[in-house]
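Trainee: Chains as they are written, first to last, in our numbering: chain Y, 1 to 205; chain L, 1 to 205; chain S, 1 to 205; chain C, 1 to 205.
Quick caveat, the hints were computed from the structure, so don't treat them as lab data.
Some hints could be false.
The list treats identical chains as interchangeable, and a pair is accepted whether it falls inside one copy or across any two copies.
Restricting the straight-line Cα-Cα distance to at most 27 Å, the calculated cross-link-like pairs of lysine-lysine (DSSO-like) are [as the list claims (entries may be wrong)]:
1. K169 to K89
2. K164 to K200
3. K164 to K123
4. K123 to K200
5. K123 to K106
6. K106 to K169
7. K169 to K123
8. K69 to K106
9. K200 to K106
10. K89 to K69
11. K200 to K169
12. K169 to K69
None of the values given here were measured: they were computed from a predicted structure.
There are 4 protein chains.
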Amino acid sequence: MTTRQVLDHGFITLEDAAMAQDANVVRAARICYQSESDQGTRDAALIRRLMRSGHMTPFEHAVMRWHVKCPLFVARQWLRHRMASYNEKSLRYCIAEPEWYMPAGKTFIQQMAYNAGIRQAFKAYDLLICEGWPPEQARGVLPMSVYTEFVWTVNASSLMNWLKQRLAKGAQWEHQQYAEAALELWTDAMPVTALAFVEKLGAYE
Amino acid sequence: MTTRQVLDHGFITLEDAAMAQDANVVRAARICYQSESDQGTRDAALIRRLMRSGHMTPFEHAVMRWHVKCPLFVARQWLRHRMASYNEKSLRYCIAEPEWYMPAGKTFIQQMAYNAGIRQAFKAYDLLICEGWPPEQARGVLPMSVYTEFVWTVNASSLMNWLKQRLAKGAQWEHQQYAEAALELWTDAMPVTALAFVEKLGAYE
Amino acid sequence: MTTRQVLDHGFITLEDAAMAQDANVVRAARICYQSESDQGTRDAALIRRLMRSGHMTPFEHAVMRWHVKCPLFVARQWLRHRMASYNEKSLRYCIAEPEWYMPAGKTFIQQMAYNAGIRQAFKAYDLLICEGWPPEQARGVLPMSVYTEFVWTVNASSLMNWLKQRLAKGAQWEHQQYAEAALELWTDAMPVTALAFVEKLGAYE
Amino acid sequence: MTTRQVLDHGFITLEDAAMAQDANVVRAARICYQSESDQGTRDAALIRRLMRSGHMTPFEHAVMRWHVKCPLFVARQWLRHRMASYNEKSLRYCIAEPEWYMPAGKTFIQQMAYNAGIRQAFKAYDLLICEGWPPEQARGVLPMSVYTEFVWTVNASSLMNWLKQRLAKGAQWEHQQYAEAALELWTDAMPVTALAFVEKLGAYE
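This is chain Y alone, in the form it adopts within the complex (with noise of 0.2 Å):
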């Protein structure tokens, strides 16, 4: 299985992993010493050496494309990495659909509250509609918390990178239950360097 669930109505795919393989990192960086691959404990510590010493630029010829439904508002931390294509959902285009995000461990009282907050904007987006509105000025009355979706096509540089600052202690809780999530689904791909990926991060703490 490639999914996850993530929060309350979230998921994180991996859909294409047909070029994320350990193989397409040892291919790039043995050109630049015209070596041959063998496919076994040589292209490990080959990567293992990589990583440990910096040199990430064969981390990018493994790539691979994700699908994502998350937060509004997580949605927005994650575009914000630029080394990587992103196509969302529009709402210029399509309904929102009335689906938001909840944190958990909350008491009644606020729970009613954050709700009833967004029932009341969803009420009046469902009007403005009705009204003739533009969904594209229609949506401005949606709270962050709604859920988009995105494709996500990423190389394993730039996705360790995500990884790095993510997973990180600061980072925001939901942002890190994706990483999290995503960081699972990876290793299955790309065994070899998702572990020497994990050994460096844990040198760094």
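Following the hints, position chains L, S and C against chain Y.
Mentor: For chains L, S and C alone, coordinates are given in the frame of chain Y:
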């Protein structure tokens, strides 16, 4: 004046134009040919020739910094332009102010519904902040019409890509207002380049 | 066959086209509108529409890896295209082989002069290597016509930028040969996108 | 003085530092928190904190333009750094001057061999130019040690990536000389940032 008011509470300011000069483009282009600037008609002809032929790299050497205040749903589109640098006011750390964008030219009833939905959301926000929620979670109830602020450092080539896309007919009206204001301010700073750009834009239509 | 011989000793190979499919473009475009692929004429129409309107981000989700062998002076231009990933054979670590590009269609005398100059350079190179110079310094005598090799991972949007620039009339003839071969190989992998691209290119001329 | 001589015939000049100031970094960072600059010790502490925590985006708002003259094999490495803008003297259009880099500290015999190989190449080049070859083809005989020139517009974040990589032990000695000169010139322009960078660099070793 290097500021333009945009929409009901927004603005765009050309905050630093020290490196935003036609001369920077000429400097970069002339090194290719090892030729000299004449600070006059031959330089202007060179800029027009670069623009028409789509030889855009010299325009990357003219750089400027903007300060923008705009609705969050406009910022979401804006920050997708990747060949630029952004730092934005963070609602993870700052408490949001009760200020939002209201589209003009609507009926009284529609305005009531729009504003009522948003006021309800801000009430919920205030309550959750008082209850001790971290701002980064409480913002989930806030609407996409709240204003945000960011600084934007961009080179002239990337600025023109943004202008072209955001001045186009299909662009969201609210975003166009910023693009038109930016074009006006930028024309003061780089008149030869801006004129050549507008001519080219016209040729495409 | 996914390889084309180019110039006297070069080639270009489409080494990995697993993510280079028209379907990847459609996948990314359809998420905006939450619409479904029909794997047929409507998908093809969508691709043509994206191309004509200059809405290029969906093309970034089609990615491919090439293996290129070309003269160093061609590689110098090629690697200037920044929206892509490269790893190149390194003459800091590898010993250069005595193989270089010789332009065709020249007189016998001219060919003599050209080759004599280069042979002299290789003699000096061999001597300096024997004397214990590090390859990274000895390469200073080598000519720009030596062949180099690199792997190039690039998305379809960035590939088209390269094609457009390198197929243009003003482009260096040697570089054009690679662009023509690449266009041919790419057309096999992504026929709908490639056709739409060629139509658009024609419309500009 | 903002120029440093490097190697036997090269130089590096900090040509435009109008936007290369510590204050630009502070400006960008403070918008996140909506806090005010004190142009003093608190700003300096902020810069050091950003550097240590790896929060690098504010450094992108400090931008500078360099003019570089260096051997072609150094330029080949330099222009691989993609987060920057380059325009280079073109040997497609300009006739190359007989000037090249000669490594110091070699024996007389070695120098003879090196220079003889290169002089022979320049003789062939001159002959082919006289015979009417286009410079873009004739340059095929020229050695990688010829000097080239380029203008380089780069932000402080990207400059630091380059410095880190090119000041490292494994970097080619010739490239290091440029990095050391650049660090010195940059320290004059952005003393607080440069000091924080050097401290961090030291912490990694």
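Trainee: Confirm or reject each hint.
Mentor: Hint check:
Proximity of K169 to K89 under the C-alpha cut-off of 27 Å is restricted to the inter-copy arrangement: shortest distance 21 Å between copies versus 30 Å within a copy. Taking the closest pair of Cα atoms, K164 and K200 come within 27 Å of each other both inside a single copy (10 Å) and across two copies (18 Å). Taking CA atoms no more than 27 Å apart as the test, K164 paired with K123 passes in neither setting, with 40 Å inside one copy and 36 Å between copies. Proximity of K123 to K200 under the C-alpha cut-off of 27 Å is found in neither arrangement, the shortest distances being 49 Å within a copy and 45 Å between copies.
Taking the shortest Cα distances, K123 and K106 sit within 27 Å of each other both inside one copy (24 Å) and across copies (18 Å). Taking the shortest alpha-carbon separations for K106 and K169, only the intra-copy value of 22 Å comes in at or below 27 Å, while the best inter-copy value is 46 Å. When the C-alpha separation of K169 and K123 is checked against a cutoff of 27 Å, the pair qualifies neither within a copy, at 37 Å, nor between copies, at 30 Å. In this assembly of identical chains, K69 and K106 lie within 27 Å of each other by CA distance solely inside one copy; the values are 23 Å within and 33 Å between copies.
In this homomeric assembly, K200 and K106 never come within 27 Å of each other (Cα to Cα): the closest approach is 36 Å inside a single copy and 41 Å across copies. For the homomeric pair K89 and K69, the shortest alpha-carbon distances inside one copy (10 Å) and between copies (24 Å) are both at most 27 Å. For a Cα distance limit of 27 Å, the shortest separation of K200 from K169 qualifies both inside one copy, at 16 Å, and across copies, at 20 Å. For the identical chains of this complex, K169 and K69 are intra-copy neighbours only, at 23 Å inside a copy versus 30 Å across copies, given an alpha-carbon limit of 27 Å.
Hint violations for this structure: numbers 3, 4, 7, 9, all remaining hints satisfied.
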